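Listed below, chain by chain, are the residues.
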Amino acid sequence: MKQFISVDDVPGVPRLVETALGYKQDPFRDKTLGVNKTLGMIFLNPSLRTRLSTQVAARNLGMEVVVFNIDKEGWALEMNDGAIMSGSTTEHVKEAAAVMGQYFDILSIRTFPGLKNKEEDYTEKYINQFIKYAGVPVVSLESATLHPLQSLTDVITIKERWQQPRKPKVVMTWAPHVKALPQAVPNSFAQWINAWGEADFVITHPKGYELDKKFTGNAPIEYNQDKALEGADFVYVKNWSSYSDYGNIISTDSSWMMSNQKLQHTNEAKVMHCLPVRRNVVIADEVLDGPQSIVIPEAGNRVWAAQAVLSEILKQQQR
Amino acid sequence: MKQFISVDDVPGVPRLVETALGYKQDPFRDKTLGVNKTLGMIFLNPSLRTRLSTQVAARNLGMEVVVFNIDKEGWALEMNDGAIMSGSTTEHVKEAAAVMGQYFDILSIRTFPGLKNKEEDYTEKYINQFIKYAGVPVVSLESATLHPLQSLTDVITIKERWQQPRKPKVVMTWAPHVKALPQAVPNSFAQWINAWGEADFVITHPKGYELDKKFTGNAPIEYNQDKALEGADFVYVKNWSSYSDYGNIISTDSSWMMSNQKLQHTNEAKVMHCLPVRRNVVIADEVLDGPQSIVIPEAGNRVWAAQAVLSEILKQQQR
Amino acid sequence: MKQFISVDDVPGVPRLVETALGYKQDPFRDKTLGVNKTLGMIFLNPSLRTRLSTQVAARNLGMEVVVFNIDKEGWALEMNDGAIMSGSTTEHVKEAAAVMGQYFDILSIRTFPGLKNKEEDYTEKYINQFIKYAGVPVVSLESATLHPLQSLTDVITIKERWQQPRKPKVVMTWAPHVKALPQAVPNSFAQWINAWGEADFVITHPKGYELDKKFTGNAPIEYNQDKALEGADFVYVKNWSSYSDYGNIISTDSSWMMSNQKLQHTNEAKVMHCLPVRRNVVIADEVLDGPQSIVIPEAGNRVWAAQAVLSEILKQQQR
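So the protein sequences, as listed, match chains D, S and E. Using our numbering, the letters of the first sequence map in sequence onto residues 6 to 324. Using our numbering, the letters of the second sequence map in sequence onto residues 6 to 324. Using our numbering, the letters of the third sequence map in sequence onto residues 6 to 324.
You may find that some hints are simply not true.
[Claimed, not checked] Calculated cross-link-like contacts (lysine to any residue; reagent style SDA-like; alpha-carbon spacing at most 25 Å):
1) S/218 with S/120
2) E/130 with S/291
3) S/77 with E/30
4) D/77 with S/80
5) S/121 with E/262
6) E/130 with S/294
7) S/137 with D/317
8) E/77 with S/183
9) E/137 with S/37
10) D/42 with S/37
11) E/184 with E/262
12) E/77 with E/138
13) D/42 with S/183
14) S/36 with E/77
15) D/77 with E/81
16) E/36 with D/41
17) S/29 with E/67
18) S/320 with D/30
19) E/29 with D/56
20) E/42 with S/32
21) D/29 with D/291
22) E/77 with S/51
23) S/36 with D/264
24) S/77 with D/232
25) D/42 with E/302
26) D/174 with D/291
27) E/164 with E/23
28) S/7 with S/49
29) E/77 with S/119
30) D/232 with D/264
31) E/172 with E/138
I should point out that these hints are in silico values taken from the structure, not numbers from a laboratory. Since the structure is predicted, the reported quantities are computational estimates derived from the model, not experimental observations.
From just these sequences and the hints, can you work out the full model?
What follows is the structure, encoded as structure tokens:
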């Protein structure tokens with residue numbers, strides 16, 4: 006694996022899932038793989054799980070880690086080619102990325118979308134500039150439209166809990182929120198579940214919240230949440246802002262909040278969320294505090310996802 | 006030791022002091038004890054000594070360290086159970102603590118009191134929420150009402166300097182300050198000196214600055230500073246805001262500032278302070294720059310206190 | 006080497022350059038030199054290259070690294086002796102530096118000039134207070150008037166690219182900028198090129214931008230940029246604010262921006278800059294994106310410069 010920006014970078018999802026579950030069994034089995042290699046972790050936006058779990062994963066492989074909050078500890082980057090830099094940006098990504106490529110063996114980066122300009126966000130302008138100039142493998146810690154470390158984690162979490170011969174029914178449901186959020190997590194979840202191919206996948210949301218078909222593919226959309234939840238084995242709850250009416254909130258319908266009543270439609274479904282979750286807005290306390298929630302072990306699996314990804318890139322570099 | 010929140014978590018203070026002094030003699034004698042273990046250090050408030058010394062201590066034991074300024078690098082946490090999270094908090098401590106418990110073997114955290122609500126502060130609501138949900142041992146890097154790593158350091162610092170058969174006279178004296186400060190350091194110092202039992206302990210402050218008896222116990226209070234200082238072997242200087250008139254400044258009497266003239270009442274007392282100290286407000290330059298100040302080696306001992314605490318918890322986990 | 010504040014701390018520049026180039030060939034040849042030693046990296050100002058490259062360098066030597074953004078993660082320091090600290094500063098450098106000296110084997114620090122008070126900046130008041138009180142070797146990560154890690158890097162970068170028997174002609178040229186910048190980089194470059202002695206060195210800038218002779222020595226100043234560039238083998242581009250009209254911008258003449266047209270005067274000169282660089286203000290895109298720019302490998306060499314410096318101090322400590 007030469008980079009990790011989307012599922013398209015992964016030669017085989019099932020094999021990567023197996024690698025991750027192997028690390029979960031034996032975290033330190035490749036403790037020397039990353040010795041004398043350094044992972045740079047660059048944050049243009051806040052992070053909790055990604056920040057912490059990826060550090061642990063890299064150290065499990067013996068890698069050095071350097072964390073850099075470029076917005077707070079550095080300065081504003083210019084992303085536009087040809088810019089006359091007489092304004093508020095201090096350094097061009099051409100230099101910043103290339104220089105970090107001199108220091109790190111793998112460069113990982115988190116950058117959120119502006120949610121103002123669909124074209125700019127959906128061409129992944131920011132992370133692509135880093136990829137173009139870094140000269141070393143780039144790992145996404147969440148980009149404008151995708152969050153592949155989260156999605157790999159989610160597949161791992163479903164896989165390790167599903168032993169039956171039939172495919173599980175996985176329902177991704179929109180839920181309300183007070184802020185306009187990116188589509189990165191739902192885009193990415195859809196893309197990975199489709200690529201994995203081992204689930205019956207349904208998406209449910211109010212009309213107007215359709216995601217980019219590039220990621221959802223042939224996954225059926227059911228606008229009736231109760232109907233979508235029928236027989237579900239896993240329910241993936243997430244808010245996102247509109248893709249068509251780009252970056253806007255077009256529903257705050259609280260009846261879409263996940264509750265125990267909603268779960269009664271399901272096949273005792275396990276409830277997943279990428280976190281952070283706003284309690285009693287997105288998911289009710291009764292669900293998060295109940296036996297069907299698996300959000301904490303799901304977050305725990307972030308370590309093994311990151312470790313699998315880093316290990317594949319390190320192995321590629323050794324060749 | 007299963008956690009380190011107050012002296013009540015410590016099976017025996019003298020033994021822990023010996024462990025710390027052992028590390029001071031030979032910092033790397035347990036260099037492999039913490040291998041493949043990770044300490045998470047979570048800051049909700051600024052820190053210098055605690056932040057730096059604890060990192061050094063953990064690495065001396067071979068532990069990995071991940072530092073996270075959750076307020077600056079993450080987001081605001083919700084601490085109230087049952088909250089409908091439609092406001093400014095992004096993640097509930099139930100998730101944040103539990104997730105960090107998935108990544109770290111020991112979770113350490115700094116959280117200051119609001120000094121607005123005595124009940125909330127004195128029930129240690131914040132750190133107790135972390136303890137409740139983390140699922141791993143929690144170490145206080147200073148909480149609303151206590152600062153046990155500082156107090157253990159202070160006992161170590163007195164112990165290593167006192168060779169006489171009689172008990173030393175230790176006087177904790179209030180001093181003026183320009184801001185309303187927590188009672189955590191003086192509460193904790195009183196609690197530890199009492200539990201240690203190897204000192205004659207006197208507290209002096211203006212009327213109205215009485216601390217919670219839960220921590221000071223039977224320690225005599227002398228309202229005349231000069232009289233309290235008579236024959237003191239160690240003088241512990243510290244400002245705090247009022248406990249009874251909660252969180253307020255009720256005296257700015259500059260005659261309480263520690264000076265050489267004040268020290269003349271003592272038995273050539275050594276002068277201690279947890280730092281940071283506002284020079285010429287809390288303690289005069291002539292004292293801090295003079296031969297009786299031991300504030301720098303006191304701060305140096307923070308490493309050995311933290312190392313002793315972490316080592317005891319690691320040993321407990323090995324059982 | 007007992008500290009690294011200016012070229013005056015270096016017993017021999019050529020030998021230090023050789024040490025650095027040796028590490029570039031074999032980064033891990035002294036992997037155990039820094040084991041059980043800790044480097045503290047204290048930032049009072051933002052940093053990208055220095056922050057990241059020095060961490061990598063220290064780890065290459067097996068050192069532990071603790072990074073501390075004292076302004077953001079700590080509090081404001083008092084630098085004035087005798088201050089009555091009833092204002093906005095929370096801790097005196099006397100304590101802060103001495104305490105950090107208790108925790109770290111080497112203390113490195115970045116502190117920019119205020120550009121208001123020439124006397125205060127040019128006596129290097131801030132870093133000298135740290136040196137005075139730390140009690141351990143201090144390494145400058147850029148101070149008010151000098152940036153020696155950058156300058157050592159620059160000498161390395163010239164040295165490794167120059168194989169001819171004659172001395173290379175090195176021209177340092179002022180360039181326009183939108184903000185008033187320190188003189189640290191040009192002062193330091195001049196000081197190091199002079200001390201190195203293996204280049205023909207010329208400085209060019211508009212009148213009024215003369216640097217402190219203490220650093221530039223006998224280097225000729227040519228006010229005609231085109232004439233200065235004639236036959237140059239290396240062009241070092243940098244903006245700085247006025248030294249005589251202290252801290253002010255006295256020219257914004259865009260004709261001083263480095264361009265391909267300007268480079269035609271040179272001997273196919275390599276173009277250097279310490280970065281960050283404002284594109285199309287200081288240097289044109291056509292130069293930075295062209296074959297004569299060596300700013301990225303120059304930045305890459307920061308690792309080997311830092312590693313050479315740290316190794317020399319560690320070796321000194323072993324004696």
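Checked hints:
Taking the CA atoms of residue 218 of chain S and residue 120 of chain S, the gap is about 18 Å. The hint holds against a cut of 25 Å. A hinted pair counts as satisfied when its Cα atoms are at most 25 Å apart, and residue 130 of chain E with residue 291 of chain S qualifies at roughly 22 Å. Note on residue 77 of chain S and residue 30 of chain E: the hinted pairing is violated, with a Cα-Cα distance of about 39 Å set against a maximum of 25 Å. At roughly 14 Å between alpha-carbon atoms, residue 77 of chain D and residue 80 of chain S fall within 25 Å of each other, so this suggested pair holds.
Restraint check for residue 121 of chain S and residue 262 of chain E: the C-alpha separation of about 57 Å exceeds 25 Å, so the hint is violated. Among the hinted pairs, residue 130 of chain E with residue 294 of chain S is consistent with the structure: their alpha-carbon atoms are about 19 Å apart, no more than 25 Å. About 37 Å separates the Cα atoms of residue 137 of chain S and residue 317 of chain D, which puts this hinted pair outside 25 Å; it is violated. Distance hint between residue 77 of chain E and residue 183 of chain S is fulfilled; the C-alpha atoms sit about 21 Å from each other, no more than 25 Å.
Distance check on the hinted pair: residue 137 of chain E and residue 37 of chain S sit about 36 Å apart at the alpha-carbon level, beyond 25 Å; violated. Between the alpha carbons of residue 42 of chain D and residue 37 of chain S the distance comes to roughly 22 Å, so the proposed pair stays at or under 25 Å and holds. For the given pair, residue 184 of chain E sits about 15 Å from residue 262 of chain E by alpha-carbon distance, which is consistent with the 25 Å threshold. At most 25 Å may separate the alpha-carbon atoms for a hinted pair to count; residue 77 of chain E and residue 138 of chain E meet this at roughly 22 Å.
Restraint check: the Cα-Cα separation between residue 42 of chain D and residue 183 of chain S comes to about 49 Å, which exceeds 25 Å; the hinted pair is violated. Between residue 36 of chain S and residue 77 of chain E the CA atoms are separated by roughly 31 Å; this puts the pair beyond 25 Å, and the hint is violated. Taking the CA atoms of residue 77 of chain D and residue 81 of chain E, the gap is about 17 Å. The hint holds against a cut of 25 Å. Taking the CA atoms of residue 36 of chain E and residue 41 of chain D, the gap is about 10 Å. The hint holds against a cut of 25 Å.
Between the alpha carbons of residue 29 of chain S and residue 67 of chain E the distance comes to roughly 22 Å, so the proposed pair stays at or under 25 Å and holds. For the hint pairing residue 320 of chain S with residue 30 of chain D, the CA-to-CA distance comes to about 23 Å; that is within 25 Å, so the pair holds. A distance of roughly 30 Å separates the Cα atoms of residue 29 of chain E and residue 56 of chain D; the hinted pair therefore is violated under the 25 Å criterion. Annotation: proposed proximity of residue 42 of chain E to residue 32 of chain S holds, straight-line Cα distance about 11 Å (limit 25 Å).
This hinted pair does not check out: residue 29 of chain D and residue 291 of chain D have alpha carbons roughly 29 Å apart, beyond 25 Å. For the proposed pair residue 77 of chain E and residue 51 of chain S, the alpha carbon gap of about 8 Å is at most 25 Å, so the pair holds. Taking the CA atoms of residue 36 of chain S and residue 264 of chain D, the gap is about 49 Å. The hint is violated against a cut of 25 Å. A distance of roughly 42 Å separates the Cα atoms of residue 77 of chain S and residue 232 of chain D; the hinted pair therefore is violated under the 25 Å criterion.
Between residue 42 of chain D and residue 302 of chain E, the direct Cα distance comes to roughly 19 Å. Compliance with the 25 Å bound is thereby established for this hinted pair. For the suggested pair residue 174 of chain D and residue 291 of chain D, the alpha carbons sit about 23 Å apart, so the restraint of at most 25 Å is met. Distance hint between residue 164 of chain E and residue 23 of chain E is fulfilled; the C-alpha atoms sit about 9 Å from each other, no more than 25 Å. Annotation: proposed proximity of residue 7 of chain S to residue 49 of chain S holds, straight-line Cα distance about 23 Å (limit 25 Å).
For a cut-off of 25 Å, the pair hint linking residue 77 of chain E to residue 119 of chain S stands: about 20 Å separates their Cα positions. Note on residue 232 of chain D and residue 264 of chain D: the hinted pairing holds, with a Cα-Cα distance of about 15 Å set against a maximum of 25 Å. At roughly 42 Å between alpha-carbon atoms, residue 172 of chain E and residue 138 of chain E are farther apart than 25 Å, so this suggested pair is violated.
The structure is inconsistent with the numbered hints 3, 5, 7, 9, 13, 14, 19, 21, 23, 24, 31, although it conforms to all the rest.
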